[in-house]
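Q: Now for the letters of each chain:
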Amino acid sequence: MRRSPVAAAVIVAGLVILLDMMVVNPSLGSVAGSLQELLVLLAAAAALGGTGALAARHLRGVLQPGSDRLGSVVVLVGMGAVLLAGLRPGSNGADDPIVRWLVASLLVPLITALFALLFVFLLGAARRGLALKARESVVMLGAMSVVVIFLLPVGGAPGDWLAAGAGWLRSVPLAGVFRGLLIGVAILAAVSATRVLLGFDRVDE
Amino acid sequence: MPNIGDLVGRLIRLVVDALGESSLRLGPVPTLVILVVPLIVLSLVARPERRWASRDLGALDHVGQAMARAAESGTDAIVSLGSAGLIRATSAAERIQTLAAVAILDRVARAAARAAVPLRVTVNDPILAFLVRGTLARAHRQTETVERSARSTVDFVGDGRPIAAAAALTDARAHGLSITAGGLGEEGLLLVGGMASSSGWSVGGSASPSQLAAPLLETHGTLVGPELFQAVAEAGGAGRARTSVIAANRLILLAVAVMLLGSAAVALGAHDFAAFLVGR
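Protein chains in written order, with my numbering: chain A, 1 to 205; chain B, 206 to 485.
No lab work stands behind these hints, which were simulated from the structure alone. Ideal Cβ positions, reconstructed from N, Cα and C, are used throughout, including at glycine. Each hint should be verified, as a subset may be incorrect.
As the list claims (entries may be wrong) - Label-pair restraints from in silico Cβ distances:
{"id": "1", "chain 1": "A", "residue 1": "Met79", "chain 2": "B", "residue 2": "Arg230", "range": "43 to 49 Å"}
{"id": "2", "chain 1": "B", "residue 1": "Val471", "chain 2": "A", "residue 2": "Val148", "range": "36 to 42 Å"}
{"id": "3", "chain 1": "B", "residue 1": "Ala297", "chain 2": "A", "residue 2": "Gly33", "range": "47 to 53 Å"}
{"id": "4", "chain 1": "B", "residue 1": "Pro235", "chain 2": "A", "residue 2": "Val12", "range": "21 to 27 Å"}
{"id": "5", "chain 1": "B", "residue 1": "Arg230", "chain 2": "A", "residue 2": "Gly86", "range": "36 to 42 Å"}
{"id": "6", "chain 1": "A", "residue 1": "Val177", "chain 2": "B", "residue 2": "Ala472", "range": "35 to 41 Å"}
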């Protein structure tokens, strides 16, 4: 089988990290530590490169007719505001009060608003699912409805019965399905990783 | 004057000293088991032996047809590799889903290159952006369509899971085909829904158990749980060596057999093997 130098480097680095997890050796530990520091440096450089690429793309968007100029301007102004607040002389960087205010007062509410759309999107997804794959969607939505009924805030003896039913649903069928999925995912992830390491997944077109 | 014998002797001493300084974190037997047994088992069960005619996982066999329709209608294809990324702060189980999604992208990129359909890949991890750029370039080289490579683009939309979802929701253009594969978080429904709603045909796949509703409800083709990894074998083997399915089935049967035998042994009053294996 033919391997590229990059793949060989990946395998060697992976084996060093794996060995360091099992063997206590100062030299091996320092090599593994160096590799992890290199990874952090690489990630930092990539983050800088990614930020530059994002800014360049939106700068092009501002200049190109027919593109989403307003969106690009908003992104660039946002990036500029955070950079200015974090890098101005006398700033405390990420802990600067202005940066923290920008995050707490603008970013967090925006993200919260985005997640608030989930309920609406779930209803839309249910409608779309019934149109695309009626049988599977009916089963899934039926199961969801049963769970919702069991979780209804009802008092008295019926409420106790529903609560007990909800507990049973969570601990038996739902836990069983989740564990089955996790076992399947773990096995196939291991098989996939082995296939990559042993060169089985080479492209043969 | 130093000679080759001295050099070899020093190297041997260096190795011996290094071994002398070492100790095993887990002890010899568990280390040997961890290193050797899974490798032998997996290399045996994952070895290609025969052809496998599985069902069309995720309707990926329709990708070529969807690309042809996109070419006719003058639209593009869009791919999102989930929101987990490769170096973002997330679990290894999610990162390996991203790698599986890159393998699926490899197949999709070749189909797009052949059909002359512009392909746009959105990522929220800069390292992944480099990997995807290489994947797209290789797809054009393999299909001898290097002159079309400028039409395949990678967009780093910014860091963070909500950013990926917001980018998908705010994309107002119509696409011929959309594929969302990889690790998903709580924003999964928004990401998959945003991608699928503007597309003529869509595929969604994830092995994140809590986010499976999104691909199940929103997309035409679905890769749920282990299917995401099974589809990788289909894509890599191009239909000729679908061995990951065989390997997984063997392992699952083995796991079931071990569980049944262990349960029977415990029921008959024998030693609890599960407790022994987990060190209780």
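Q: Hint by hint, note whether the structure agrees.
A: Hint by hint, here is what the structure shows:
1. A:Met79 <-> B:Arg230: 43 to 49 Å: With a Cβ separation near 45 Å, methionine 79 of chain A and arginine 230 of chain B satisfy 43 to 49 Å, so the hint holds.
2. B:Val471 <-> A:Val148: 36 to 42 Å: holds (37 Å)
3. B:Ala297 <-> A:Gly33: 47 to 53 Å: violated (19 Å)
4. B:Pro235 <-> A:Val12: 21 to 27 Å: Given about 24 Å between the Cβ atoms, the range holds.
5. B:Arg230 <-> A:Gly86: 36 to 42 Å: At 41 Å between Cβs, range holds.
6. A:Val177 <-> B:Ala472: 35 to 41 Å: Violated, at about 24 Å.
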